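Asks: So the chains spell out like this:
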Amino acid sequence: MKTAHHGAILSSGLLLGAGLGGFVDGIVLHQILQWHNLLSSVHPPVDLVSMKFNMLWDGIFHAFTWTLTVLGLARLWAAGKSADVPWCTRTFVGSLFVGWGLFNALEGTIDHQILGIHHVHPGEGELVWDLGFIASGLVMIGGGWLAIRAGRIELPVERARLRAPRYGE
Amino acid sequence: MSEKALALDFHALACPRCEAGIEARQQVLEQKPLENLWAALLPFVLIGVASLLVERVGKGRS
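Line order of the protein sequences matches chains A and X. Residues 1 to 169 in the working numbering are what the first sequence lists, from first letter to last. Residues 1 to 62 in the working numbering are what the second sequence lists, from first letter to last.
Because the hints were derived from the structure by calculation, they are not lab data. Owing to the predicted nature of the structure, the values given are computational and were not obtained by experimental measurement. Using N, Cα and C, we set each Cβ at its ideal position, and we do this for glycine too. Just so you know, not all the hints are guaranteed correct.
[Said to hold, decoys possible] Derived Cβ-Cβ restraints for the label pairs, each shown as a range:
(1) A:Leu138 <-> X:Leu52: 17 to 27 Å
(2) X:Leu52 <-> A:Gly143: 22 to 32 Å
(3) X:Glu30 <-> A:Arg152: 46 to 56 Å
(4) X:Leu29 <-> A:Gln31: 15 to 25 Å
(5) X:Arg56 <-> A:Pro44: 37 to 47 Å
(6) X:Leu52 <-> A:Ile60: 17 to 27 Å
(7) A:Arg149 <-> X:Gln27: 31 to 41 Å
(8) A:Gly116 <-> X:Ala14: 23 to 33 Å
[Said to hold, decoys possible] Incomplete in silico selection of chain A near chain X, CB under 8 Å:
(9) Leu38
(10) Ser41
(11) Val49
(12) Lys52
(13) Phe64
(14) Glu107
(15) Leu115
(16) Gly116
(17) Glu124
Whole structure, please, built from the sequences with the hints as guidance.
Replies: Structure, rendered in structure tokens:
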């Protein structure tokens, strides 16, 4: 009898969730709303050179989020080719949210609170925005964890859906 | 400074071919970031490590 393991689907979801969550941060908060840049609290973008300097580091930030996304895709591809990985939507979506939540919680704690290199919405009430950002991450981790658990309860059904190895595998 | 002069000045600074633009770009590259700046990218490393651990634990608990 085949045994199912969620490891590959969980790790791919975690990486993809963190990568896509990083892109939401970069695209929405850095570029569309222009609330902050990666270094805007220590190198405020007040002239063209400091703007370009922040742009450079925003690019490095995006390069890392892109790398996480590509690694997540690679893991997902490997999981798809493995016959013992249950293709469970709840597990995958749950792990996407855990990944995104981890990104917000870690980035919020390290970059905003410990290093103080930028804040979500600088100015009056910036601490509230920063704590809200970390809280949003913790909520996503909790919600994702519940979805993953629900996926495990479904496992007996999902196990029946384990697909047979394809021709040539 | 008139609006036109400001626009010209900005062009010179931003243009990758104008001398001032090249100099501005050089200044960007020469700016020393904070010593602990790479720590800002630590969340990415931690998430990578977490995903590796999750994969191993997920396999082990099957």
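Asks: Please name the hints from earlier in the document that this structure breaks, with their numbers sorted from lowest to highest.
Replies: Per hint list: 7, 10, 16, 17 violated.
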